[in-house]
Amino acid sequence: MLVLTRRLEESILIGNDIEIKVLHVRGTGPQAVVRLGIVAPRSVAIVRKEIYDEVVAANRQAAHAAAALPAELLRALSSSGGQPQPEDQPGGSPGAAQAGSVRNPSEGSGSNAPDRPENNPKGSSSSNPRGSSADTPQGDSGHGPQSGTGSTEQPQPQR
Amino acid sequence: MGTNWNWATEGLEVDKVFEFPAGIYGFPDHKRFLVVDVPGAGDVFKQLVSADDPNVGFTLVFPFALFPQYNPDIPEEDLAAVGAESPDQVLLYAIANVPQDFRAATANLRAPLLFNPFTRKGRQVILADDRYGIRTPLFKGAGQIPAEEAP
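Line order of the protein sequences matches chains E and P.
Residues in the first sequence are numbered from 2 upward in steps of one, following the numbering used here.
Residues in the second sequence are numbered from 648 upward in steps of one, following the numbering used here.
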């Protein structure tokens with residue numbers, strides 16, 4: 002592993018078009034938090050590694066468990082009034098979606114969906130390069146264009 | 648296709664093959680997958696089986712059927728990767744993890760799969776939106792639901 006020491010506001014370049022800049026440092030020792038700003042082409046995926054690792058682990062676990070759907074699950078789906086109830090849809094039948102063709106992602110989500118995080122604009126269409134800042138553990142991993150500084154904390158995930 | 652096919656294969660058609668140029672996270676070597684109907688599940692559940700190894704497969708759930716408020720923001724570059732220009736050109740499914748006790752089933756709403764039925768390309772996308780969990784329970788209060796038949 003290449004190890005570099007950087008001060009505040011200093012950057013490193015990866016290739017010609019990826020820049021990672023130290024924006025903010027606070028705390029010391031295990032509590033230290035570093036805020037990084039990243040400028041990269043939109044085609045470059047940027048994701049926190051722990052999220053990536055979690056997705057890999059979830060996929061592997063799901064693949065092992067996917068051998069066959071339990072008959073009870075299919076029964077639960079086909080009985081509209083029966084248990085279990087699908088989330089946020091009391092009395093409804095998820096099987097209703099069978100009636101039509103599969104809806105696309107922009108439909109079926111309803112207009113009552115919670116607001117998007119402000120720095121994650123719908124259908125963002127800005128061109129290269131993008132800027133984003135990454136912070137641990139709460140900063141935005143950044144797909145939308147945004148300034149490198151002053152990004153707000155994300156809302157807590159709804160589990 | 649292998650002969651040791653242990654997946655539901657009804658409704659299997661050649662034109663349901665999707666190419667995943669980037670693979671699926673954790674399975675980078677599997678580039679082609681079949682979308683297989685699950686008898687009785689309609690479009691709510693599907694199965695996705697690797698064309699290279701039928702022992703690698705996933706259960707897919709149509710998330711909008713179970714999570715009406717699910718509203719993922721698909722980055723433009725991910726749409727472009729499957730040859731789509733807008734979200735209404737792709738189908739979206741989540742990978743479900745269905746254990747023996749189905750009441751504990753979860754869906755990965757953070758990293759859904761995109762399918763472009765026109766280009767036959769697919770892609771798994773990790774969303775920036777951390778409101779969506781990697782293991783979101785499919786059924787609310789699953790612990791309180793009595794099993795119809797004791798396992």
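Derived from the structure by calculation, the hints contain no laboratory data.
Hints should not be assumed to be uniformly reliable.
Listed below are the simulated DSSO-like cross-link pairs for lysine-lysine, each with C-alpha atoms no more than 27 Å apart in a straight line [as the list claims (entries may be wrong)]:
1) K768(P) x K663(P)
2) K678(P) x K663(P)
3) K768(P) x K678(P)
4) K22(E) x K50(E)
5) K50(E) x K663(P)
6) K678(P) x K50(E)
Simulated restraints, written as ranges between beta carbons of each label pair [unchecked claim]:
7) Q747(P) x G28(E): 40 to 46 Å
8) R8(E) x A751(P): 31 to 37 Å
9) Q747(P) x R8(E): 51 to 57 Å
10) A669(P) x I13(E): 22 to 28 Å
Part of the chain P face toward chain E, derived, beta carbon under 7 Å [as the list claims (entries may be wrong)]:
11) G673
12) H677
13) E724
14) L726
15) A758
Idealized CB from N, CA, C, for every residue including glycine.
Quick rundown of the hints versus the structure:
1. Restraint check for K768(P) and K663(P): satisfied, since their Cα atoms lie roughly 11 Å apart, inside the 27 Å limit.
2. Straight-line distance between C-alpha atoms of K678(P) and K663(P) comes to about 14 Å, which keeps the hinted pair within the 27 Å bound.
3. For the suggested pair K768(P) and K678(P), the alpha carbons sit about 10 Å apart, so the restraint of at most 27 Å is met.
4. Between K22(E) and K50(E), the direct Cα distance comes to roughly 18 Å. Compliance with the 27 Å bound is thereby established for this hinted pair.
5. At roughly 32 Å between alpha-carbon atoms, K50(E) and K663(P) are farther apart than 27 Å, so this suggested pair is violated.
6. Pair hint K678(P) plus K50(E) holds up; C-alpha atoms about 23 Å apart against a cutoff of 27 Å.
7. Taken as a hint, the range 40 to 46 Å holds for the pair Q747(P) and G28(E), whose Cβ atoms sit roughly 44 Å apart.
8. In this structure, R8(E) and A751(P) break the distance hint of 31 to 37 Å, their C-beta atoms being roughly 49 Å apart.
9. Here the CB-CB span from Q747(P) to R8(E) is close to 54 Å, well matched to the stated 51 to 57 Å.
10. With their beta carbons about 26 Å apart, A669(P) and I13(E) fall inside the hinted range of 22 to 28 Å.
11. Satisfaction of the interface hint for G673(P) is found here, the shortest Cβ-Cβ separation to chain E being roughly 4 Å, below the 7 Å cut-off.
12. Among the interface hints, the one on H677(P) is violated; its C-beta lies about 10 Å from the nearest C-beta in chain E, farther than the 7 Å criterion.
13. Interface restraint check for E724(P): the shortest CB-CB distance to chain E comes to about 5 Å, inside 7 Å, so the restraint holds.
14. For L726(P), the suggested interface contact is broken, since its CB lies about 9 Å from the closest CB of chain E, more than 7 Å.
15. For A758(P), the shortest C-beta to C-beta distance to chain E is roughly 5 Å, which falls under 7 Å, so the interface hint holds.
The structure fails hints 5, 8, 12 and 14 (numbered hints given earlier, in ascending order).
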